[in-house]
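Next come the chains, spelled out residue by residue.
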Amino acid sequence: MGPLVNEPGAAVSIRDLTIAYERHPALHHISGRFGAGSLTAIVGPNGAGKSTLVKAIAGTLRPNGGSIDRGSAETRGIAYLPQQSEIERSFPITVLDTVLLGHWRRIGWRRGVTQELEEAAQAALAKVGLGHFEARPISTLSAGQFQRVLFARLMLQDAPLILLDEPFTALDTRTTRDLLALVGAWQREGRTVIAVLHDYEQVRTHFPETLLLARELVAWGPTETVMTAEKLAAARDMAEAWDEAAHPCARAGAAA
Amino acid sequence: MILYDWLVQPFVEFGFMRRALVGAVALGLGSGPIGTFLVLRRMSLMGDAMSHAVLPGAAIGFLLGGLSLPAMSLGGLVAGLTVALLSGLVTRLTPLREDAAFAAFYLISLALGVLIVSTHGSNVDLLHVLFGTILAVDDPALLLVAGIATVTLFALALVYRPLVLECFDPGFLRSVGVGGGSIHALFLTLVVLNLVAGFQALGTLMAVGLMMLPAAAARFWAREIWSLAAVSSGLAALAGYVGLLVSYHADLPSGPAIILTAGVLYLISVGLGRRDSIRTRYFVKSHLAA
Numbered sequence: 001m002g003p004l005v006n007e008p009g010a011a012v013s014i015r016d017l018t019i020a021y022e023r024h025p026a027l028h029h030i031s032g033r034f035g036a037g038s039l040t041a042i043v044g045p046n047g048a049g050k051s052t053l054v055k056a057i058a059g060t061l062r063p064n065g066g067s068i069d070r071g072s073a074e075t076r077g078i079a080y081l082p083q084q085s086e087i088e089r090s091f092p093i094t095v096l097d098t099v100l101l102g103h104w105r106r107i108g109w110r111r112g113v114t115q116e117l118e119e120a121a122q123a124a125l126a127k128v129g130l131g132h133f134e135a136r137p138i139s140t141l142s143a144g145q146f147q148r149v150l151f152a153r154l155m156l157q158d159a160p161l162i163l164l165d166e167p168f169t170a171l172d173t174r175t176t177r178d179l180l181a182l183v184g185a186w187q188r189e190g191r192t193v194i195a196v197l198h199d200y201e202q203v204r205t206h207f208p209e210t211l212l213l214a215r216e217l218v219a220w221g222p223t224e225t226v227m228t229a230e231k232l233a234a235a236r237d238m239a240e241a242w243d244e245a246a247h248p249c250a251r252a253g254a255a256a
Numbered sequence: 257m258i259l260y261d262w263l264v265q266p267f268v269e270f271g272f273m274r275r276a277l278v279g280a281v282a283l284g285l286g287s288g289p290i291g292t293f294l295v296l297r298r299m300s301l302m303g304d305a306m307s308h309a310v311l312p313g314a315a316i317g318f319l320l321g322g323l324s325l326p327a328m329s330l331g332g333l334v335a336g337l338t339v340a341l342l343s344g345l346v347t348r349l350t351p352l353r354e355d356a357a358f359a360a361f362y363l364i365s366l367a368l369g370v371l372i373v374s375t376h377g378s379n380v381d382l383l384h385v386l387f388g389t390i391l392a393v394d395d396p397a398l399l400l401v402a403g404i405a406t407v408t409l410f411a412l413a414l415v416y417r418p419l420v421l422e423c424f425d426p427g428f429l430r431s432v433g434v435g436g437g438s439i440h441a442l443f444l445t446l447v448v449l450n451l452v453a454g455f456q457a458l459g460t461l462m463a464v465g466l467m468m469l470p471a472a473a474a475r476f477w478a479r480e481i482w483s484l485a486a487v488s489s490g491l492a493a494l495a496g497y498v499g500l501l502v503s504y505h506a507d508l509p510s511g512p513a514i515i516l517t518a519g520v521l522y523l524i525s526v527g528l529g530r531r532d533s534i535r536t537r538y539f540v541k542s543h544l545a546a
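Protein chains in written order, with the working numbering: chain P, 1 to 256; chain X, 257 to 546.
Hints are not guaranteed to be accurate.
A short, non-exhaustive set of chain P residues, derived as facing chain X with CB atoms under 8 angstroms [stated by the list, open to error]:
id	residue
1	88
2	92
3	96
4	110
Residues of chain X clear of chain P, computed beta-carbon distances all greater than 12 angstroms [as the list claims (entries may be wrong)]:
id	residue
5	263
6	271
7	292
8	341
9	342
10	425
11	441
12	533
13	538
Because the hints were derived from the structure by calculation, they are not lab data.
Just so you know, these numbers come straight off a predicted model, no measurement behind them.
All residues carry an ideal CB built from backbone N, CA and C; glycine is no exception.
Generate coordinates for the entire structure from the input sequences, incorporating the hints supplied.
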């Protein structure tokens, strides 16, 4: 995958975003902007709406209020890596075929895979450290190897905007280090990368920007100004339980 | 030449045996891949549910047109698609899961079908709708089965990639902007079509047997999707051939004979198959060095 020479990564603008489950907001009036080519970690306690936000940006969840502008990613595509649960790991498909699906925008429903596309897939596999795994069925891979396969598929998608939902959960140190290096390389190629993370050390070391979430937006900006003890404590104190007796939100533009 | 008399002669001598054999092979060609995808999607029992759902339609067709293939097929098709559509709607509009929605609608449909048949027809008619008669397959029926197999294979070729992706990683399919819902709906339509193809020959309850048993058995022989589909089509054809012979020589009803043969093939596969069978899991001792 060559770097994006002419076009910068996509900027994502969020305006007054609210998303509710059974009318209780999981995200409440969030506004802000992911800069073009930025590398941002989304951090917050369980139930803070991190995955919800990523799904909304990916376009798989419809907002109850507000809007999201995905810039050039609207037409050039979004590469989205959800939490693993939805993938059928016992499915009879090879590593190479899985990675080739990353070419979807080029091959679609029925176009054949050319020599060139297959070589790109082989190169991506080599880059994630799975050089000779192409013929293996995915059911024989370990969790770490499988996550490497998914990263190879992400690379082929060649998207200006990359969304990762807890990409390093349950991975060993070495796999995490290798995949983090890829994430850094994507940013240097000019792509916009947004990742949901739990490891604060990782965030401080590798992610220049941080968005701290607790259903409401707690803080958003350079990591060193966001990941402070007071702000993290504020996010932790957020009430996790729904208020069954909550009144309809009265804030301007509330649609939920 | 005893072997010839046993294995070939019946088909050379009798036109109805030849038509039955061709019908079974055609059924296998369509049902094999469909059954394979049902197994892969963990929807093995969905085929069973759909086969029950087809019953009232076939029964209404039977009442209106007698033992007429077009009337019964059309009725079965409409009933099956209605159940699929209503279950799909309930799954989309409410949190009820698809299997529960299907169970509800196929039970309603089945009860309706039994009610219609028992108030308006004799028990012999009910048996016919339930169990079919492959030996009575005539040319129009053969054309219908072959036509459905053809449509099935072309449709699968067209949607193969998104269909595979919808089974394997539906989230990725959504993220590249393809709605999984339409692919799923098309697939269910193919399931209903193949059950309708099967019920003239095998009856509504038995048709699903030629779809699921070979597909489940193929799991113990093949690993890729294409080879799973090919093996299940082959096993279905084999079950048709052996089942017809058994039914001919032992003077048994043909539908159950074919499905029981498929069942025997399934049991053999579970026990002795090349992959993950009981034999390879528990009786092969040595392991490789790396």
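We went through each hint and held it up to the structure:
| no. | hint | verdict |
| --- | --- | --- |
| 1 | 88 | holds, 5 angstroms |
| 2 | 92 | holds, 6 angstroms |
| 3 | 96 | violated, 12 angstroms |
| 4 | 110 | holds, 7 angstroms |
| 5 | 263 | holds, 34 angstroms |
| 6 | 271 | holds, 41 angstroms |
| 7 | 292 | violated, 10 angstroms |
| 8 | 341 | holds, 23 angstroms |
| 9 | 342 | holds, 24 angstroms |
| 10 | 425 | violated, 5 angstroms |
| 11 | 441 | holds, 16 angstroms |
| 12 | 533 | holds, 16 angstroms |
| 13 | 538 | holds, 20 angstroms |
Going down the numbered hints, you'll see the structure goes against 3, 7, 10, while the others check out.
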